[in-house]
Amino acid sequence: MEEEKKVPEEKAAPETPETKPAPESPAPSPAASPQEVEEGKAFAILSYALSIIGLPFFLVPLIMRNNGFSLFHAKQTLIIWLAGIAVSVAGGILSFICIGIIIWVVGFILLLVLTVIGLINAAQGQQKLLPVIGQWGEDWFKGLKKVES
Amino acid sequence: MRLELRKLRSPEYDWELIFGCLYLTLLLAAAYFLSRLPEQNMPACRLRQSTGIPCPACGMVRCVNNLTAGRVGEAFRHHPLGTLLIGAAAVFSFYSWAAVLLRLPRIRLKSAPARIKSGAVLVLSILLAANWIYLLLTA
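If you're matching them up, the sequences are chains A and B in order.
With the working numbering, the residue at position 111 of the first sequence is 111, and numbering never jumps.
With the second sequence counted from 1, adding 1000 to any position gets you the working numbering.
Looking at chain B on its own, in the form it has when it is part of the complex:
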């Protein structure tokens, strides 16, 4: 696997524009507006209500609330994986806007063998499990 820096080729999709500028920006905006809703308008986690066990996504709203207020440590305490994912999305979105607006060369993977892709899925699954264990221990 190699990273390369190259200009966009004409028939290929502009992933920075589609994924970074459109999709991730909309997603981050939706997360921001959802986190600003009054608490009584947010549906409660029924798993936590009925059993006391938090689900893997419990704490995300508090995480986004703290991130938008600039309290990264507090956000990490509520949902570590959510903080990492939102941070990565924000960084990629920023890079995408810069690449699209300034017409910069794009970062592309030269070749990604299947084992790299399955490894990425495995790492994400482990992170998800570790995050849930953390939520269970701190609930």
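This is chain A alone, in the form it adopts within the complex:
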């Protein structure tokens, strides 16, 4: 798990407006311990896998909140579902013109790819944010924290 948190070392370069790094995004959820990863892996995998067939299983780890690893992946799955709702609504509104169909095809294929990436991350025990929309999951649901039992 520690490997995922490492940031590649860059050579020190003078900070010009061109090379100035972008402001850092808020830190993601704290890394889960190896034991937590093992315990939460099944729920994390099921959250993504059942999403593909339209079952919101991610609600279970989201409500239980007793495992940091499964909670992290449940939040990532939740953001995929919210993006899916946004794509459906936007495509539905614009379906009276051809753009609606394009939004549906482009959006749902993107969400399918993101779900598969999340599934692979969860199966490998990695706590990695999803590309494109993953950071929103951490920003919007930062209040959802693991409940210590």
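Mixed in with the good hints there might be a few duds.
Said to hold, decoys possible - Examples of chain B residues toward chain A, derived with CB under 8 Å: (1) Leu1027; (2) Leu1047; (3) Cys1058.
As the list claims (entries may be wrong) - Cβ pair distances, simulated, as ranges: (4) A:Trp136 x B:Gly1119: 16 to 26 Å; (5) B:Pro1038 x A:Asp139: 40 to 50 Å; (6) A:Val89 x B:Gln1040: 25 to 35 Å; (7) A:Lys145 x B:Pro1113: 46 to 56 Å; (8) B:Val1123 x A:Ile52: 27 to 37 Å; (9) B:Pro1038 x A:Trp136: 31 to 41 Å; (10) A:Lys145 x B:Ala1069: 54 to 64 Å; (11) A:Arg65 x B:Gly1087: 13 to 23 Å; (12) B:Gly1119 x A:Gln35: 41 to 51 Å; (13) A:Pro34 x B:Ala1088: 23 to 33 Å; (14) B:Ala1029 x A:Ala42: 24 to 34 Å; (15) B:Gly1119 x A:Asp139: 23 to 33 Å; (16) B:Leu1124 x A:Trp136: 21 to 31 Å; (17) B:Val1123 x A:Leu82: 25 to 35 Å.
Because the hints were derived from the structure by calculation, they are not lab data.
Backbone N, C-alpha and C define an ideal beta-carbon position, used for all residues, glycine too.
Fit chain B to the known structure of chain A by using the hints.
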């Protein structure tokens, strides 16, 4: 802004694999199969049906049909922006497959200031507007 050629670093996502090999390939395949559907199965543009005005995406199916048949000029005539976007997607997808399969160094932007990103959005918006004007004039 500078382009650099470098190897993939271990914690970062493989954008070529995710975006080029998975996403764009699936998207191009979906576009191909949608364009092969019989015309009566394709939903018609209601804006064009009711007002006679084409929407910004009208002509995309004919564009994909012509592109898959190798008629680039005809595809461009039906939807210029669609032809450019599909061409760019195909080129990036090809590069991605080559980079992933042959483990080539990846092309990355060293640093992209915000003005470059907003400039890209502006250029895309202008292209979209110009394409719609073209469709309106040729309808």
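So, going through the hints one by one against the coordinates:
1. Leu1027: Since chain A brings a Cβ to about 6 Å from Leu1027 (chain B), closer than 8 Å, the hint holds.
2. Leu1047: holds, 5 Å
3. Cys1058: holds, 6 Å
4. A:Trp136 x B:Gly1119: 16 to 26 Å: holds, 24 Å
5. B:Pro1038 x A:Asp139: 40 to 50 Å: Taking Cβ atoms as reference, Pro1038 (chain B) and Asp139 (chain A) lie about 45 Å apart, which means the hint holds.
6. A:Val89 x B:Gln1040: 25 to 35 Å: For Gln1040 (chain B) against Val89 (chain A), whose Cβ atoms are near 28 Å apart, the range 25 to 35 Å holds.
7. A:Lys145 x B:Pro1113: 46 to 56 Å: Given about 35 Å between the Cβ atoms, the range is violated.
8. B:Val1123 x A:Ile52: 27 to 37 Å: holds, 36 Å
9. B:Pro1038 x A:Trp136: 31 to 41 Å: holds, 40 Å
10. A:Lys145 x B:Ala1069: 54 to 64 Å: This hint holds: roughly 56 Å between Cβ atoms.
11. A:Arg65 x B:Gly1087: 13 to 23 Å: At roughly 48 Å between Cβ atoms, Gly1087 (chain B) and Arg65 (chain A) fall outside 13 to 23 Å, so the hint is violated.
12. B:Gly1119 x A:Gln35: 41 to 51 Å: Check passed, 49 Å falls within 41 to 51 Å.
13. A:Pro34 x B:Ala1088: 23 to 33 Å: Violated: the Cβ-Cβ distance is about 43 Å, outside 23 to 33 Å.
14. B:Ala1029 x A:Ala42: 24 to 34 Å: Check passed, 32 Å falls within 24 to 34 Å.
15. B:Gly1119 x A:Asp139: 23 to 33 Å: At 26 Å between Cβs, range holds.
16. B:Leu1124 x A:Trp136: 21 to 31 Å: holds, 22 Å
17. B:Val1123 x A:Leu82: 25 to 35 Å: Between Val1123 (chain B) and Leu82 (chain A), where Cβ atoms are some 30 Å apart, the hint holds.
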